[in-house]
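*Asks:* Spelled out, the chains give:
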Amino acid sequence: MKPYSKYDPEDIESLLLHKQFHELYPEEKEFILQHIETPEEYESLRKTLFELRDAAANDQWLQPDASLKKELMAQFVTEEKGGFRVWLNSLFTWPDVQWYRQPSLRLAFAGACVAALVVVIVNLNNDSQPVAFADNKVQQVEKEKNLESAPEEKDEKNLFAENLSAQELPAAPKVSTEPTITLDMPTEVAMNDVADAEMAPPAMEEKSAPPPAVNHGSSAGNADDASTLKEDAVENTSATFTDAAKSVSAGKVVTTNAYKNITKKDNAVSQSRPVSEVNDLLNYLFTAQ
Amino acid sequence: MALYKHPYEKHPDEQLMMLVAEKDQKAFEVLYDRYSRLLFNYFHRMLWKDRERARDFTQELFTKLIQKPHLYDSSRSFKTWIYSIAHNMCKNEYAKHEVRVTAHKEIKYEDTGVTSSDSQRSMDRELFNEKLKEALGEMDEIKRTTFELRFNQELSILEISEIMQCSEGTVKSRLFYMLKELNKKLKVFEGIAVWLAMLALQLV
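Chains A and B, in that order, are what the protein sequence lines are. According to the working numbering, the first sequence is numbered sequentially starting from 1322. According to the working numbering, the second sequence is numbered sequentially starting from 33.
One or more of the hints may lead you astray.
[As the list claims (entries may be wrong)] Subject to a maximum C-alpha distance of 16 Å in a straight line, what follows is the list of computed EDC-like cross-link-like pairs (lysine to aspartate or glutamate):
#1 B:Lys58 x B:Asp45
#2 B:Lys219 x B:Glu162
#3 B:Lys100 x A:Glu1401
#4 B:Lys165 x A:Glu1364
#5 A:Lys1340 x A:Glu1364
#6 B:Lys217 x B:Glu166
#7 B:Lys216 x A:Glu1372
#8 A:Lys1368 x B:Glu61
#9 B:Lys219 x A:Glu1361
#10 B:Lys163 x B:Asp88
#11 B:Lys123 x B:Asp172
#12 A:Lys1390 x B:Asp88
#13 B:Lys128 x B:Glu61
#14 B:Lys55 x A:Glu1400
#15 B:Lys55 x A:Glu1334
#16 B:Lys212 x A:Glu1358
#17 B:Lys216 x A:Glu1362
#18 B:Lys81 x B:Glu180
#19 B:Lys219 x A:Glu1400
#20 B:Lys96 x A:Glu1392
#21 A:Lys1391 x B:Asp65
#22 B:Lys212 x A:Glu1334
#23 B:Lys219 x A:Glu1364
#24 B:Lys212 x A:Glu1361
#25 A:Lys1390 x B:Glu213
#26 B:Lys219 x A:Glu1351
#27 B:Lys165 x A:Glu1401
#28 B:Lys175 x B:Glu213
#29 B:Lys96 x A:Glu1401
#30 A:Lys1350 x A:Glu1334
#31 A:Lys1340 x A:Glu1362
#32 B:Lys212 x A:Glu1364
#33 B:Lys163 x A:Glu1400
#34 B:Lys217 x A:Glu1372
#35 B:Lys58 x A:Glu1392
#36 B:Lys216 x A:Glu1348
#37 B:Lys163 x A:Asp1375
#38 A:Lys1391 x B:Glu61
Because the hints were derived from the structure by calculation, they are not lab data.
Could you build all of it, start to finish, from the sequences and the hints given here?
*Replies:* Have a look at this one:
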């Protein structure tokens, strides 16, 4: 066993700094003499060591330029404004297992994630096509409009049905068994004017006199009109055939007036009723007559 | 002297460095004030007394500090860490240029102009410094770095061992053998100094 194993060659520096040779303990002297040949060399080394320390202490210390600090501070501010940074080393560090610590695996995982993200985004774009979406939107708007206008239409239909029911259908005219005159005229005129053949005077009166006030939108008014039509029809049945030819043209007027009355009634129900419905109504009324 | 001291000036280096990582400008400024002079002189001595080069290297080092603060391991000493970077920068510089011997010769020629001194003591001092620089210039980079860190930067053996990435024993051993080598070279100087002193006395 080495007696002075606690001293290492590198500890000579501390001995040189703190003790002269004659101040060393015997074991320290023995240790020193293993590395230094003579006590004179020890003292020489000690002197050199102190001189080195003095030389270092007295060495001139330079001061960096003030501009260097300014540049660095400006650089720091610029770097600070640089914004958000993501260091690649900090990405995809999970899971923290031995086999996953290889950069290639992390890179591959990162690539797979990016690829998956791209696929998802592309699929999402395909699912939600812009044109189809626009069509749906238009359809939706139309549906909304229909929903808004549906109750009105329903009301109109109901009102129209009420009007129809309120109109007492005239009794089937008692067509006389007497022979009739067949006129060469269009079928429509004939149909209309068979009944209106003798309506020329009242029609003229109706034409000259202002039409009776129509109670728009009321079923009572509609009933009055219906009764008027009934009376007209009754009178028409008693018309003479002699006057029929004369009143062909007047019948047209009457028919026109009747059409106007009906149109007024119809307008009282709804200003926006289609013409086809009015025609249907007219057909219904005259068929009934 | 400023009456008011920023609280950061009492903070340890490690804490300041963590603040620098969080982009704290004042923390960086305090760190700069603490280490800029030390590092500037370190580079100046290690890089052939080239002031401009020392400035550039100091700037580069602090730029690294700004740009890559995340590289600092908070479990380590900041002082050791920053000197390690400086040491590696010097090593890279030596390897890059491969002009160490040439540079040393240039330094020799540049600095030989300083001679005169009024007193014998100051003349001895100047001559000793001159001889010391010459002797250090002839040493390899590892010994010079050890000398610089130990005697000029006054770092501990432990810190030097961490900077140079070797054991404490190795650092102590290097210091001891470097001391012996310098002692031999400076003994010649002692003889010259004695001869010069005798010559001066005779001239007087």
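*Asks:* With reference to the structure, classify each hint as holding or not holding.
*Replies:* Here's how the hints hold up against the structure:
Annotation: proposed proximity of Lys58 of chain B to Asp45 of chain B holds, straight-line Cα distance about 13 Å (limit 16 Å). Proximity of Lys219 of chain B to Glu162 of chain B is assessed by CA-CA distance (about 14 Å); at most 16 Å being required, the pair is judged to hold. At roughly 12 Å between alpha-carbon atoms, Lys100 of chain B and Glu1401 of chain A fall within 16 Å of each other, so this suggested pair holds. Using a Cα cut-off of 16 Å, the hinted pair Lys165 of chain B and Glu1364 of chain A is violated, with the two alpha carbons roughly 22 Å apart.
Our distance criterion of 16 Å between C-alpha atoms is met by Lys1340 of chain A and Glu1364 of chain A, whose separation comes to about 10 Å. Of the pairs offered as hints, the one joining Lys217 of chain B and Glu166 of chain B holds, with about 9 Å between alpha carbons and a cut-off of 16 Å not exceeded. Proximity of Lys216 of chain B to Glu1372 of chain A is assessed by CA-CA distance (about 14 Å); at most 16 Å being required, the pair is judged to hold. Of the pairs offered as hints, the one joining Lys1368 of chain A and Glu61 of chain B is violated, with about 41 Å between alpha carbons and a cut-off of 16 Å exceeded.
For a cut-off of 16 Å, the pair hint linking Lys219 of chain B to Glu1361 of chain A stands: about 12 Å separates their Cα positions. For the given pair, Lys163 of chain B sits about 28 Å from Asp88 of chain B by alpha-carbon distance, which is inconsistent with the 16 Å threshold. Of the supplied pair hints, the one linking Lys123 of chain B and Asp172 of chain B holds, its CA atoms being roughly 11 Å apart against a limit of 16 Å. Of the pairs offered as hints, the one joining Lys1390 of chain A and Asp88 of chain B holds, with about 12 Å between alpha carbons and a cut-off of 16 Å not exceeded.
About 31 Å separates the Cα atoms of Lys128 of chain B and Glu61 of chain B, which puts this hinted pair outside 16 Å; it is violated. Of the pairs offered as hints, the one joining Lys55 of chain B and Glu1400 of chain A holds, with about 8 Å between alpha carbons and a cut-off of 16 Å not exceeded. Taking the CA atoms of Lys55 of chain B and Glu1334 of chain A, the gap is about 43 Å. The hint is violated against a cut of 16 Å. Only pairs whose Cα atoms come within 16 Å are accepted, and Lys212 of chain B paired with Glu1358 of chain A is accepted, the gap being roughly 11 Å.
Of the supplied pair hints, the one linking Lys216 of chain B and Glu1362 of chain A holds, its CA atoms being roughly 10 Å apart against a limit of 16 Å. This hinted pair checks out: Lys81 of chain B and Glu180 of chain B have alpha carbons roughly 13 Å apart, not beyond 16 Å. The hinted pair formed by Lys219 of chain B and Glu1400 of chain A fails the criterion: a straight-line CA distance of about 53 Å is larger than 16 Å. With a C-alpha separation of about 14 Å, the suggested pair Lys96 of chain B and Glu1392 of chain A falls inside the 16 Å cut-off, and the hint holds.
This hinted pair checks out: Lys1391 of chain A and Asp65 of chain B have alpha carbons roughly 12 Å apart, not beyond 16 Å. Distance hint between Lys212 of chain B and Glu1334 of chain A is fulfilled; the C-alpha atoms sit about 11 Å from each other, no more than 16 Å. A C-alpha spacing of about 12 Å is found between Lys219 of chain B and Glu1364 of chain A, which places the hinted pair at or below 16 Å, so the restraint holds. The straight-line distance between the Cα atoms of Lys212 of chain B and Glu1361 of chain A is roughly 13 Å, inside the 16 Å bound, and the hint therefore holds.
Proximity of Lys1390 of chain A to Glu213 of chain B is assessed by CA-CA distance (about 39 Å); at most 16 Å being required, the pair is judged violated. The suggested pairing of Lys219 of chain B with Glu1351 of chain A is violated, with an alpha-carbon distance near 25 Å, which exceeds 16 Å. With a CA separation close to 43 Å, the supplied pair Lys165 of chain B and Glu1401 of chain A exceeds the 16 Å bound. Taking the CA atoms of Lys175 of chain B and Glu213 of chain B, the gap is near 10 Å; set against the 16 Å cutoff, the hint holds.
For the hint linking Lys96 of chain B to Glu1401 of chain A, the alpha-carbon distance of about 14 Å falls within 16 Å, and the restraint holds. Note on Lys1350 of chain A and Glu1334 of chain A: the hinted pairing holds, with a Cα-Cα distance of about 14 Å set against a maximum of 16 Å. For the hint pairing Lys1340 of chain A with Glu1362 of chain A, the CA-to-CA distance comes to about 14 Å; that is within 16 Å, so the pair holds. Annotation: proposed proximity of Lys212 of chain B to Glu1364 of chain A holds, straight-line Cα distance about 12 Å (limit 16 Å).
With a C-alpha separation of about 46 Å, the suggested pair Lys163 of chain B and Glu1400 of chain A falls outside the 16 Å cut-off, and the hint is violated. For the hint linking Lys217 of chain B to Glu1372 of chain A, the alpha-carbon distance of about 13 Å falls within 16 Å, and the restraint holds. A hinted pair counts as satisfied when its Cα atoms are at most 16 Å apart, and Lys58 of chain B with Glu1392 of chain A qualifies at roughly 15 Å. The hinted pair formed by Lys216 of chain B and Glu1348 of chain A fails the criterion: a straight-line CA distance of about 26 Å is larger than 16 Å.
At roughly 14 Å between alpha-carbon atoms, Lys163 of chain B and Asp1375 of chain A fall within 16 Å of each other, so this suggested pair holds. For a cut-off of 16 Å, the pair hint linking Lys1391 of chain A to Glu61 of chain B stands: about 10 Å separates their Cα positions.
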